[in-house]
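Protein chains: 4
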Amino acid sequence: MDKELFTLDFKVRDYECDMQGIVNNSVYQNYLEHTRHEFLLSKGIDFAELARQKINLVVLRAELDYKQPLTSGDEFYVDTEVVQSSRVRFDFLQNIYRKRDNKLMLAAKITGTSVNERGRPFVPDVIVKLFPQEQLAE
Amino acid sequence: MDKELFTLDFKVRDYECDMQGIVNNSVYQNYLEHTRHEFLLSKGIDFAELARQKINLVVLRAELDYKQPLTSGDEFYVDTEVVQSSRVRFDFLQNIYRKRDNKLMLAAKITGTSVNERGRPFVPDVIVKLFPQEQLAE
Amino acid sequence: MDKELFTLDFKVRDYECDMQGIVNNSVYQNYLEHTRHEFLLSKGIDFAELARQKINLVVLRAELDYKQPLTSGDEFYVDTEVVQSSRVRFDFLQNIYRKRDNKLMLAAKITGTSVNERGRPFVPDVIVKLFPQEQLAE
Amino acid sequence: MDKELFTLDFKVRDYECDMQGIVNNSVYQNYLEHTRHEFLLSKGIDFAELARQKINLVVLRAELDYKQPLTSGDEFYVDTEVVQSSRVRFDFLQNIYRKRDNKLMLAAKITGTSVNERGRPFVPDVIVKLFPQEQLAE
Numbered sequence: 001m002d003k004e005l006f007t008l009d010f011k012v013r014d015y016e017c018d019m020q021g022i023v024n025n026s027v028y029q030n031y032l033e034h035t036r037h038e039f040l041l042s043k044g045i046d047f048a049e050l051a052r053q054k055i056n057l058v059v060l061r062a063e064l065d066y067k068q069p070l071t072s073g074d075e076f077y078v079d080t081e082v083v084q085s086s087r088v089r090f091d092f093l094q095n096i097y098r099k100r101d102n103k104l105m106l107a108a109k110i111t112g113t114s115v116n117e118r119g120r121p122f123v124p125d126v127i128v129k130l131f132p133q134e135q136l137a138e
Numbered sequence: 001m002d003k004e005l006f007t008l009d010f011k012v013r014d015y016e017c018d019m020q021g022i023v024n025n026s027v028y029q030n031y032l033e034h035t036r037h038e039f040l041l042s043k044g045i046d047f048a049e050l051a052r053q054k055i056n057l058v059v060l061r062a063e064l065d066y067k068q069p070l071t072s073g074d075e076f077y078v079d080t081e082v083v084q085s086s087r088v089r090f091d092f093l094q095n096i097y098r099k100r101d102n103k104l105m106l107a108a109k110i111t112g113t114s115v116n117e118r119g120r121p122f123v124p125d126v127i128v129k130l131f132p133q134e135q136l137a138e
Numbered sequence: 001m002d003k004e005l006f007t008l009d010f011k012v013r014d015y016e017c018d019m020q021g022i023v024n025n026s027v028y029q030n031y032l033e034h035t036r037h038e039f040l041l042s043k044g045i046d047f048a049e050l051a052r053q054k055i056n057l058v059v060l061r062a063e064l065d066y067k068q069p070l071t072s073g074d075e076f077y078v079d080t081e082v083v084q085s086s087r088v089r090f091d092f093l094q095n096i097y098r099k100r101d102n103k104l105m106l107a108a109k110i111t112g113t114s115v116n117e118r119g120r121p122f123v124p125d126v127i128v129k130l131f132p133q134e135q136l137a138e
Numbered sequence: 001m002d003k004e005l006f007t008l009d010f011k012v013r014d015y016e017c018d019m020q021g022i023v024n025n026s027v028y029q030n031y032l033e034h035t036r037h038e039f040l041l042s043k044g045i046d047f048a049e050l051a052r053q054k055i056n057l058v059v060l061r062a063e064l065d066y067k068q069p070l071t072s073g074d075e076f077y078v079d080t081e082v083v084q085s086s087r088v089r090f091d092f093l094q095n096i097y098r099k100r101d102n103k104l105m106l107a108a109k110i111t112g113t114s115v116n117e118r119g120r121p122f123v124p125d126v127i128v129k130l131f132p133q134e135q136l137a138e
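Residue numbers (this note's numbering), protein chains in the order written: chain A, 1 to 138; chain B, 1 to 138; chain C, 1 to 138; chain D, 1 to 138.
It is possible that part of the hints are untrue.
For identical chains, the list gives no copy identity; a pair is met inside one copy or between any two copies.
Subject to a maximum C-alpha distance of 20 Å in a straight line, what follows is the list of computed SDA-like cross-link-like pairs (lysine to any residue) [to be verified]:
id	residue 1	residue 2
1	K11	G44
2	K43	Q84
3	K11	S86
4	K43	R87
5	K67	G112
6	K99	V115
Read the hints as simulated data drawn from the structure, not as lab findings.
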């Protein structure tokens with residue numbers, strides 16, 4: 001797979017900062033989720049449309065390394081790539097960089113899967129197509 | 001160390017649920033943070049007061065395993081214990097259980113530290129007292 | 001109508017505070033919404049269940065008077081009553097009081113209605129029953 | 001005053017939608033706040049910097065008319081203008097329009113003031129300059 005990086009630009013919004021004057025820890029998950037959904041959309045995978053069809057993309061595990069805090073006024077971007085870690089599991093590797101100095105602020109690995117209405121693993125065709133067949137054979 | 005468990009009760013609020021009808025992934029970090037702060041407060045450590053003194057308790061790493069989703073109406077509780085993993089690092093082990101069946105919904109390890117105004121590690125006395133001296137010798 | 005007051009207890013969570021060290025303005029709407037939903041639930045009206053049936057309770061207008069800010073550690077309660085302002089409109093009168101001194105922190109009037117899948121006003125029986133017939137005749 | 005309109009572009013993020021599949025009511029206040037802060041910044045007024053100086057811009061009253069709900073994928077913009085309604089009060093008139101059809105989704109009037117560390121009204125020079133002297137005389 002060509003480790004194509006999808007990138008999305010953001011700016012910190014003041015309501016995202018907490019009493020320490022920095023972006024609250026939970027908010028980074030919002031940034032990461034929005035970037036994943038925009039990344040998927042760029043591949044023709046619409047999270048909201050799938051949810052309406054009762055196919056739910058869900059997170060199984062999140063690992064987040066907080067390197068430096070974002071604060072009011074900071075512009076930043078989120079890089080995202082995805083690798084298939086099993087037939088029904090996908091690892092999103094996501095990094096958040098501050099724009100003015102390209103400093104790494106947060107590194108994350110988010111493992112997700114796709115489930116049907118009964119909560120059973122179900123990978124729709126649009127997602128299968130996301131991964132070249134060769135990849136799993138590696 | 002006596003693995004004393006601090007427990008806090010919650011109920012899902014509908015605004016915490018997303019279009020999948022389940023609690024959004026980022027919201028669990030809110031639950032975990034609030035429980036940590038209440039746990040610390042029960043030990044005489046006031047996060048907000050420390051922040052006003054420019055001593056900031058910060059998260060370095062978060063690992064969250066999403067087992068089952070919480071949904072509208074669910075009552076749940078968060079168990080929390082803390083272990084000192086280095087002179088200036090603390091691991092909070094936190095589990096979220098659904099009340100009606102005590103089912104584990106999320107397991108997390110949140111690693112934090114304490115920094116002063118210049119962002120340097122600084123562990124105030126109130127936090128030092130949290131950990132028995134023997135523990136580090138282990 | 002007997003101006004029965006429904007009351008729900010809360011405690012400020014630190015992630016709800018912003019860089020000014022006080023609860024962010026938008027968060028009060030979360031408190032109010034959660035209280036409305038618990039109020040409705042106490043009357044047998046389940047917001048989430050209605051949403052699944054494609055009957056959506058929606059807000060048409062919100063008026064909020066911010067009197068004093070809530071801050072970290074504050075316990076508070078939200079009083080709620082509802083009056084029917086037209087055949088398909090309901091005004092929730094909600095007040096937030098700080099617990100330690102019963103001081104009024106916020107007063108709100110939230111006007112809502114109920115719509116069906118096509119977005120047309122539709123008041124299900126469970127809601128009709130909420131209001132005594134005499135009330136509209138007034 | 002020339003009713004100059006400040007405009008900021010947004011796109012709905014999926015985590016902002018609730019179980020009804022539409023943007024949660026409280027989130028509009030986030031959009032409005034972020035737009036006000038960007039508007040002020042464009043005038044040289046930095047909300048975060050003022051907060052660090054213990055000068056707090058606070059909201060006294062919010063009126064929000066919800067016209068149509070924003071939903072997943074919607075792009076929108078927020079128009080903002082401000083008028084001085086008394087020596088120490090400012091009314092922000094803000095409208096949210098969906099981009100694809102310029103449809104009005106929400107209209108709001110947010111009344112704010114500026115207070116010092118003791119919570120007393122205090123309007124710093126940067127804000128005084130925002131309003132031409134003639135305006136109050138009207």
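Tell me, please, which holds for K99 and V115 at an alpha-carbon limit of 20 Å: within, between, both or neither?
-> Close neither inside one copy (36 Å) nor across copies (24 Å); limit 20 Å.
Same-copy or cross-copy closeness of K11 to G44 [CA-CA at most 20 Å] | Result: close only across copies, 18 Å inter versus 25 Å intra.
How would you classify K43 and Q84 at a CA-CA limit of 20 Å: within, between, both, or neither?
-> Classified as within: same-chain Cα gap 15 Å, cross-chain 44 Å, threshold 20 Å.
Should K11 paired with S86 be assigned to within, between, both, or neither, using CA atoms and 20 Å as the limit?
-> neither (34 Å within a copy, 33 Å between copies)
Pop the pair K67 and G112 into one bin, within, between, both or neither, using alpha-carbon distances up to 20 Å.
-> Only across copies: K67 and G112 sit 12 Å apart there, 23 Å inside one copy, limit 20 Å.
Intra- versus inter-copy proximity for R87 and K43 (alpha-carbon distance at most 20 Å) = Within one copy only: 19 Å inside, 46 Å across.
When held up to the earlier numbered hints, the structure conflicts with 3, 6 and fits the remainder.
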